[in-house]
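Residues per chain are reported as follows:
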Amino acid sequence: MSQQKPTPPILLGAVALGAAGVLGTYFAAGPERFWANWVLWFVLMFTLGLGSLFIVALEHLVSAKWSVPVRRIPERLATLLLPAIPVGLIALCAVPVLYPGSRPEAAHHPILAGKAFWLSLPFFSARTVFAFVLVVIALAVLVGGSLKQDVSKDPAFNFRARKFAPAFMAIFALVITLVAFDWISGLTPEWYSDIFGVYIFAGAFLSGLAATALSLLYLQGEGRLEGVRQDHLYNLGAFLFAFTVFWSYIGFAQYMLMWYANMPDEVIYYKVRLAGAWRAITFALAALHFILPFFALVTRDAKRDPKRLRRVAILMLSAHVLDMYWLIFPALGGSPRFGWPELSFALFFLGGILLWIRGAMERGEDMPVGDPFLREGLEFRL
Amino acid sequence: MSKKSYAVLGLFDTPDALMHAIPKLRAAKLGTVEAYTPYPIHGIDEALGLRRSPLGGMVLVMGVLGALTAFGFQYWISAIDYPIITGGKSAASWEAFVPIMFEVTVLFATFTAGLGMLLLLNRLPFFGHPVLSSKAMKSITRDRYALALEAESETFDSAAAAQALEAAGAAEVEVLPAPDRSPFLTSDYILRTLGSIFVACLVAGLGIYSLIKWFPLLAPMKYMQDQPRLNAQKASTFFKDGHGMQPPVPGTVARGYLPTATGTQEAAATLVNPLPRTKEVFAQGRKVYSNRCEVCHGALANGAGSLTAAYGAKPANLQAQQFRDYPDGKIYWAVVNGKNAMPAHAAYLTEPQRWAVVHYVRALQRAQNATDEDLKVVAP
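Those sequence lines, one after another, are chains A and B. Going by the numbering used here, the residue at position 275 of the first sequence is 275; the numbering climbs one at a time, nothing skipped. Whatever position you read off the second sequence (first residue = 1), add 382 for the numbering used here.
Take the hints with a grain of salt, since some may be wrong.
Capping the alpha-carbon separation at 20 Å, the derived lysine to any residue pairs in SDA-like fashion look like this [as the list claims (entries may be wrong)]: (1) A:K65 x A:Y234; (2) B:K471 x B:S460; (3) B:K471 x A:R381; (4) B:K517 x B:P561; (5) B:K471 x A:K163; (6) B:K471 x A:Y270; (7) A:K271 x B:E477; (8) B:K411 x B:S535; (9) B:K471 x A:L257; (10) A:K65 x A:R381; (11) B:K471 x A:A261; (12) A:K271 x B:S472; (13) A:K271 x B:K411; (14) B:K406 x B:G431; (15) B:K517 x B:T396; (16) B:K721 x B:E662; (17) B:K696 x B:G720; (18) B:K471 x A:R375; (19) A:K65 x A:K163; (20) B:K471 x B:V635; (21) A:K65 x B:P422; (22) B:K471 x A:V136; (23) B:K471 x A:Y269; (24) B:K411 x B:V635; (25) B:K471 x A:V267; (26) A:K271 x B:K471; (27) B:K471 x A:V272; (28) B:K471 x A:E266; (29) A:K163 x A:V136; (30) B:K661 x B:L682; (31) A:K148 x A:R375; (32) B:K471 x A:M263; (33) A:K271 x B:G469; (34) B:K411 x B:E532.
Bear in mind the hints are in silico, worked out from the structure with no lab data behind them. A quick note: this is a predicted structure, and the numbers were derived from the prediction, not measured.
Hey, can you work out the whole structure from these sequences and the hints?
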């Protein structure tokens, strides 16, 4: 394990500056804008953490061997779910401000009144807390257990994790659907789409993969993770590549059906996002989230070229931010808002996330040294 | 051995032994080195110096071609050749093309991958590869690892190859005779292939037919078939009157048939023919006239049509001074609304067709009353 390095002051400065801007936003730009930003960053942290945890569980589910040497990275990234919990609890204050279903006017709205029980703040909060509890249990079993195995070297963990993985998949589906429906599509409660949870899953998994690839390359740049080779990179790249298609498939399927049926209560969602400056953002999203990464990763060499992979991972994470912005910010009405409040939030949360991940990257060994399959994973060749 | 040989096969007991032998054999340059193993061995591609398969590039190109083909095809059909408005969408709606573009991309790509691998890169059909009939075949597919030195030219020396293999550590060596490369597409082969395809279709068709006929409950998924829907000319429980087909809502107007000149004929007198007097417009007017008006008004518009007395009314002689003085609008009004025994044509003619026939009637009138002036050739 490498020596703990001092926190770079630039990160701390960014967080402090961001914090000032965040506070300023509430008073100068109004609570609506404040909470929209807050929810955006909560969703980003949560999906990134959940996507990483999904990668971990996927390995246990299918007993994958190739990913054992890199598993510690998504495990560490998944701990991002812990700071996301207080952020999410604070975000509950946004519900009466931002979510039409929880405002008093909803009682007079024929559709919303019918969903009142589900959309009301108490039940909303109960679901959120329930999701957090599930997530903490999953973290304790999968990540906590894996960290303990570093010392105990007890293969019983592998059996436990493999048994837990199917249950985790159910938990994961439930939690990501709750996040998608409550926190994102809850902003437009008259609108609904059955596939919306899957769409958010695609984005979450992609952001988890991209963050994993990025952290892996960063650690390798520091001379750590020796033994992880191009073959492992290739598999990560292939996953990223495949899921850019999955994301666009789901996103387009959702769009096309609504476009075709042209029902006012459905199509309004896209009408808003295809008007004015939002239109440009929609096309940018298609380009950045699908077309660019797809063609950047299409060849075999590209998938294992560290330089290319790093660029695509950064692109993918930015595209995920844009995706969530595109989903959440139209709720404020009017054209896209982007100014000092958004920059301050980005500084504050991005700085905070990076600080957390820096700390997390020192947790446990760089590879799950207690896992009996580590050797097999290191020997993995394409 | 006088007979030409295809290759010399050396058997190794472990993958390691095989991997160590490869560089030695490649250095000997006696023939192409090829490996046969019961499962993929990591690093063997690099050791054999296999060139990168061109299949990936082929698949990419064909995939893109598939997407373009599907797009072009659908665009041509739905926007150019036979534009039909569906669901109020523009005829050239790319959104609707995407699913088929996706499918055709996958189709082209998979076919290229499969057939390209088999036919182009593996050079099939090639019945009875010599290795398949070798003695070593059984153990190659089970627990042993083979290297072959394949003949590259006529000068292939099987004895030297066998020696090289043994020197490289092969436990056993086997010389494979050259395969029979005689043409296989004989009439017998073709007949048998076609015959088996025919029999296979027959059996499958009969099987499915009898299955559906006698065990209708076995049909796997019938939601699409059983959903409530409307059929042309069929009864339906969907509407109160029990008809599947419903008359359009009162006041419905088909595209291109917007009602104009709904007032009196006098009011229509001020309407101006919006069409230019071009060759194409006259050609269209002439077509409409001969299809729709000629029976009653006659080819010269003189009221002498081919109708018999049974019709019971006298179609107007459009060459009469009264009608020559008519403004365009009044003729147009008569075409749209009909007059007395003349039926309304609004439902048969689109707006441009109505005005084109007005132009043509004017041309007929002028032709029958031509002056010397008209003979002057007008420069086009």
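Status of the hints after comparison with the structure:
no.: 1; hint: A:K65 x A:Y234; in the structure: 14 Å, holds
no.: 2; hint: B:K471 x B:S460; in the structure: 11 Å, holds
no.: 3; hint: B:K471 x A:R381; in the structure: 51 Å, violated
no.: 4; hint: B:K517 x B:P561; in the structure: 15 Å, holds
no.: 5; hint: B:K471 x A:K163; in the structure: 51 Å, violated
no.: 6; hint: B:K471 x A:Y270; in the structure: 16 Å, holds
no.: 7; hint: A:K271 x B:E477; in the structure: 15 Å, holds
no.: 8; hint: B:K411 x B:S535; in the structure: 12 Å, holds
no.: 9; hint: B:K471 x A:L257; in the structure: 13 Å, holds
no.: 10; hint: A:K65 x A:R381; in the structure: 11 Å, holds
no.: 11; hint: B:K471 x A:A261; in the structure: 10 Å, holds
no.: 12; hint: A:K271 x B:S472; in the structure: 17 Å, holds
no.: 13; hint: A:K271 x B:K411; in the structure: 68 Å, violated
no.: 14; hint: B:K406 x B:G431; in the structure: 13 Å, holds
no.: 15; hint: B:K517 x B:T396; in the structure: 18 Å, holds
no.: 16; hint: B:K721 x B:E662; in the structure: 28 Å, violated
no.: 17; hint: B:K696 x B:G720; in the structure: 14 Å, holds
no.: 18; hint: B:K471 x A:R375; in the structure: 58 Å, violated
no.: 19; hint: A:K65 x A:K163; in the structure: 16 Å, holds
no.: 20; hint: B:K471 x B:V635; in the structure: 18 Å, holds
no.: 21; hint: A:K65 x B:P422; in the structure: 17 Å, holds
no.: 22; hint: B:K471 x A:V136; in the structure: 49 Å, violated
no.: 23; hint: B:K471 x A:Y269; in the structure: 18 Å, holds
no.: 24; hint: B:K411 x B:V635; in the structure: 82 Å, violated
no.: 25; hint: B:K471 x A:V267; in the structure: 14 Å, holds
no.: 26; hint: A:K271 x B:K471; in the structure: 15 Å, holds
no.: 27; hint: B:K471 x A:V272; in the structure: 19 Å, holds
no.: 28; hint: B:K471 x A:E266; in the structure: 16 Å, holds
no.: 29; hint: A:K163 x A:V136; in the structure: 17 Å, holds
no.: 30; hint: B:K661 x B:L682; in the structure: 19 Å, holds
no.: 31; hint: A:K148 x A:R375; in the structure: 19 Å, holds
no.: 32; hint: B:K471 x A:M263; in the structure: 13 Å, holds
no.: 33; hint: A:K271 x B:G469; in the structure: 17 Å, holds
no.: 34; hint: B:K411 x B:E532; in the structure: 11 Å, holds
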